[in-house]
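**Student:** The primary structure of each chain is shown beneath.
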Amino acid sequence: MATIREIFHEIGNWHNKITMCAGVTKEMLKREYKDRPLPKEAKDTLIKKLSELEQYAVGADKVLLQLKGIIYNKVNPDLGQVKNKGGAKCLKRR
Amino acid sequence: MLKKKIKLMVLDDERDICEFVKALFRKKGFSVSSALSGNEAIRKIKKLKPDVALLDIYLKKGLDGLEALKKIREISPLCRCVMVTWDSAVSKIKEAKAMGAVSYLVKPITITELLRVVYRAVSGIRKRGK
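Residue numbers (the numbering used here), protein chains in the order written: chain A, 1 to 94; chain B, 1 to 130.
These are calculated hints, taken from the structure and not from any lab test.
Note that the Cβ used here is the ideal one computed from N, Cα and C, for glycine as well.
Incorrect hints may have been included.
What follows is a set of in silico ranges between Cβ atoms, one per label pair, in the way DEER data are often shown [unchecked claim]: (1) B/49 x A/31: 38 to 46 Å; (2) B/5 x A/36: 20 to 28 Å; (3) A/32 x B/99: 35 to 43 Å; (4) A/66 x B/47: 39 to 47 Å.
Calculated lysine-lysine pairs in the BS3-like style (CA-CA distance at most 27 Å, straight line) [as the list claims (entries may be wrong)]: (5) A/43 x B/28; (6) A/17 x B/22; (7) A/62 x B/97; (8) B/71 x A/34; (9) B/97 x A/17; (10) B/27 x A/48; (11) B/71 x B/22; (12) B/97 x A/34.
Construct the entire structure; sequences and hints are all you get.
**Tutor:** So, in structure tokens, the structure goes:
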């Protein structure tokens, strides 16, 4: 079974793939369709949406980082054990 | 357009990331190779002598990015190494810089940042060549 650390790492990897994929596609569009008959409006919209997608993944990763900080503070991410009684109470309340 | 084909190597255990980097920089006129592990990177660096290397610090198996960096600095001291990491690994970034890394990128990487950092590393090579 994957540890908490590995799970967080995996989610982060997906965010990274989203930003990279969106960014590379955007670059390709800019270059490949520089002189080809894709309507300018369509090209601009696609580039804009890909930029937004990149930023969504960056935003998601920032939230993930916050969540990671809260969880790592309470739970050992490699062993899955609650660090102290105070932490256990805190987790139950949530 | 680049005057001479710059050789770039990417070390990342995520195959998709390697493919994205290859697709992006080949279109920009670079010669790009990739490695999925630290050991594979060392083998390829001995053979290909890249000008710039993008090294992921956290690798699941074998050598990690920092160990790979150390070996690369011995094998190919002129190779400009850029480290790739997460926010939480700030201490590792400091360590990497002390070991000779020229720059770093924090995941998730945007293409704008990636291009900026790699071109800056390349401009360092050009200055050195003059």
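**Student:** Look at each hint and say if it fits the structure.
**Tutor:** Here is what the structure says about each hint:
no.	hint	in the structure
1	B/49 x A/31: 38 to 46 Å	violated, 28 Å
2	B/5 x A/36: 20 to 28 Å	holds, 26 Å
3	A/32 x B/99: 35 to 43 Å	holds, 39 Å
4	A/66 x B/47: 39 to 47 Å	holds, 43 Å
5	A/43 x B/28	holds, 20 Å
6	A/17 x B/22	holds, 14 Å
7	A/62 x B/97	holds, 24 Å
8	B/71 x A/34	violated, 42 Å
9	B/97 x A/17	holds, 25 Å
10	B/27 x A/48	holds, 21 Å
11	B/71 x B/22	holds, 23 Å
12	B/97 x A/34	violated, 39 Å
Comparing the model with each earlier hint shows violations of hints 1, 8, 12; every other hint is respected.
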